[in-house]
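K.L.:
If you want the building blocks of each chain, they are given just below.
4 protein chains.
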Amino acid sequence: MPLSSAQLIERLHACGEQIARAGSELAARGWTPATSGNFSMRIDEDTIAVTVSGRDKGSLSPKDVMAIGLDGHPVGTIDRPSAETDLHLQLYRRLPETGAVLHTHSPNQTVASRLFAKDGVIALHGWELQKALTGYTSHESRVDVPVFPNSQDMGDIGRNVAAWLDESRPLYAYLIEGHGLYTWGRDMPEARRHLEALEFLLACELDLKRLGGTS
Amino acid sequence: MPLSSAQLIERLHACGEQIARAGSELAARGWTPATSGNFSMRIDEDTIAVTVSGRDKGSLSPKDVMAIGLDGHPVGTIDRPSAETDLHLQLYRRLPETGAVLHTHSPNQTVASRLFAKDGVIALHGWELQKALTGYTSHESRVDVPVFPNSQDMGDIGRNVAAWLDESRPLYAYLIEGHGLYTWGRDMPEARRHLEALEFLLACELDLKRLGGTS
Amino acid sequence: MPLSSAQLIERLHACGEQIARAGSELAARGWTPATSGNFSMRIDEDTIAVTVSGRDKGSLSPKDVMAIGLDGHPVGTIDRPSAETDLHLQLYRRLPETGAVLHTHSPNQTVASRLFAKDGVIALHGWELQKALTGYTSHESRVDVPVFPNSQDMGDIGRNVAAWLDESRPLYAYLIEGHGLYTWGRDMPEARRHLEALEFLLACELDLKRLGGTS
Amino acid sequence: MPLSSAQLIERLHACGEQIARAGSELAARGWTPATSGNFSMRIDEDTIAVTVSGRDKGSLSPKDVMAIGLDGHPVGTIDRPSAETDLHLQLYRRLPETGAVLHTHSPNQTVASRLFAKDGVIALHGWELQKALTGYTSHESRVDVPVFPNSQDMGDIGRNVAAWLDESRPLYAYLIEGHGLYTWGRDMPEARRHLEALEFLLACELDLKRLGGTS
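Same order as they appear, the protein sequences are chains A, B, C and D. Counting along the first sequence from 1, when you hit position 78 you're at 77 in numbering that gives the first Met the number 0, and nothing is skipped either side. Counting along the second sequence from 1, when you hit position 138 you're at 137 in numbering that gives the first Met the number 0, and nothing is skipped either side. Counting along the third sequence from 1, when you hit position 159 you're at 158 in numbering that gives the first Met the number 0, and nothing is skipped either side. Counting along the fourth sequence from 1, when you hit position 171 you're at 170 in numbering that gives the first Met the number 0, and nothing is skipped either side.
Treat the hints loosely; a few may be bogus.
Since the list gives no way to pick out one identical chain from another, each pair is judged satisfied if it fits inside one copy or across any two copies.
In the DSS-like style, the derived pairs of lysine-lysine whose C-alpha atoms are separated by at most 27 Å in a straight line are [what the hints assert, rightly or not]:
| hint | residue 1 | residue 2 |
| --- | --- | --- |
| 1 | LYS62 | LYS208 |
| 2 | LYS208 | LYS130 |
| 3 | LYS130 | LYS62 |
| 4 | LYS62 | LYS117 |
Rather than coming from a laboratory, the hints here were simulated on the basis of the structure.
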């Protein structure tokens, strides 16, 4: 049964508050420089809440978050969604358990995406913190984070994501070259735990490389 | 029509508040060590507001900001403007859309200015965040940030800036060797977005180099 | 004479408050990413207070800290202790002066543990701050921090710790490969001083290596 | 005319407040890890105020600061001064303009002291921020920061400082190998400006080296 308008507005506001709080904390870490980054949460089966285009992620309020259908149509607003909204929608459609998606832009994420672009993937293994990703129970497992080429056409990026998912390979996050990280979870706390763990793992992987170590 | 004295005083105060807030936030990031850096805003066609020489940029108040004509004459004050005021005035004269100029001195900016001094320019390309610079719409474009030699004579630096502008090459920011960054925008929010984006891009460029990657 | 229930509850609460404050300050430095890390304090000869499994270390309250006997049995609670509690208990049993144990997970600690894993030890010498470790009085001494292999079976790690202690070698801290640092002290302030000093020493050791220096 | 007891107590308290504020701000930057570092100010021609041994520099109050004569005798207290007080006293005796001395222990200072120990000096040139050191007016000048060997006997270090001063070479700061930085100024604001500038310059010098640049 679809939500009533009143229910939708209430849930949109609740999502907006969670997104604003996340934005404030992630911006303070320097992960959304110069208004970059965008965030979303699922409102119901067919609708998500997503940040409006171009807002400063460090000072979001619920009115900077709008509703959009999984089909891409804004719901009850004339605001324009973030330019990368299609990538959010794809994740909610293809991975129905997804409840929150975070796209950030830290220096470590961005540098790692350039450095590993030619490999197309960063293979993380041997780090205890891999266990912070839902489904992983040992540092001996291997976490593959794909690195897709950047494009100003979201369709190009989406096709690469789809190709990976079509092969039924597990996917918890991906990088776009020179651009940053997408990660997600069943709800906002899980998405944030995944983000915090991946930022840490990429930071360690890069630093080990700077020091001439092998992972 | 020129501003009345009362209007000038009011606008100077308003600029002073914006400059003080910017100073506090930029100093907290460590971008104005040991009283370095200076900031300005346009008051009207012929007059700008600029920080007084030698003040701690982390604890500015509007009384640390003075008015100066585009001709370099202080307006209604005996304060001495920042030693580098001529570089600010040049930008307001040559680029009439300019509404705010920020000069900072972060470790990344300063180190990049030394490292790329022999090339005379840092060519940024392949980074999504280039799009945070007004006028850029793709990571595939190329942003040239010139690196000019340092001098204790502002005229020497100004002549190099002028030569670049005379060739009608786009200019959004420049570095001075061993010294730091100048950037600007139509208003203070745009100038700050440019500064935040350039600091991020220089940080990424340096880190990629540390890691042996090629950009 | 064993503690009365009322005394135990009171002391558990007091330990909980110290642990929560430590957690808040260490999380703010980024040393417990994504709910990693765990902390404990001695309540009496046979009982310790330890963080409950899986809590965010940056927002602990005394109710996130439970009592457990040195024999490993929870005392007066159905909470589950941190998965690594056995490593805490081992330290309280083998080193009776121990009053507080801290396990953290900073990038420097984690990267150092990978880089020096093949040596099995990091030998610190020549740093004045070694004197912050109780018992050391000169930078000319040598502090050995062993690096043990990681395992999802705490028994494997514990056996390596025991083997080191059986040789009566001094032990103030150890690293687990890809995983982080354990350190301790007679009370929480000493444990925190040890942690702060070791984090500093590992950071310096790594940076000296990045710069091609020899220690 | 010597100070009366009441005047001495009042000035000691005023110095204690300035030292406590400096300690709080420098500790927050991570420059006094694990109770390291010590600070002093001149009370009058013959007496200085110095931090008591072993206190946490991030939470000093005026009662953590004691008076001591230039001859090394505590004045009106049974507290023990910082172990390195003799190095402070030497600076007040040999450089009579000195009003405040700061000894800190940042990672950059400590790593630089190890890396350049074999040269015995770090020669800074080409950095605009050298001008933040009183007496320097150009980036083209050269600032020599000597690096002296560490010793647990302050007399050994003091003899090296004296030998440098005996040659009438300018001295604004020195490093002790593996140990940290001493710098000073006519008053606390100047000493802090020197410290902030030197930390910045050492950070840039190290980073330029990491990047393979030459200074």
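K.L.:
Run every hint past the structure and note whether it holds.
P.N.:
We went through each hint and held it up to the structure:
In this homomeric assembly, LYS62 and LYS208 never come within 27 Å of each other (Cα to Cα): the closest approach is 43 Å inside a single copy and 41 Å across copies. When the C-alpha separation of LYS208 and LYS130 is checked against a cutoff of 27 Å, the pair qualifies only within one copy, where the shortest distance is 22 Å, while the shortest distance between copies is 29 Å. In the homo-oligomer, the alpha carbons of LYS130 and LYS62 lie at most 27 Å apart only across protomers (25 Å), although the nearest pairing inside one protomer, at 36 Å, exceeds that limit. Proximity of LYS62 to LYS117 under the C-alpha cut-off of 27 Å is found in neither arrangement, the shortest distances being 40 Å within a copy and 49 Å between copies.
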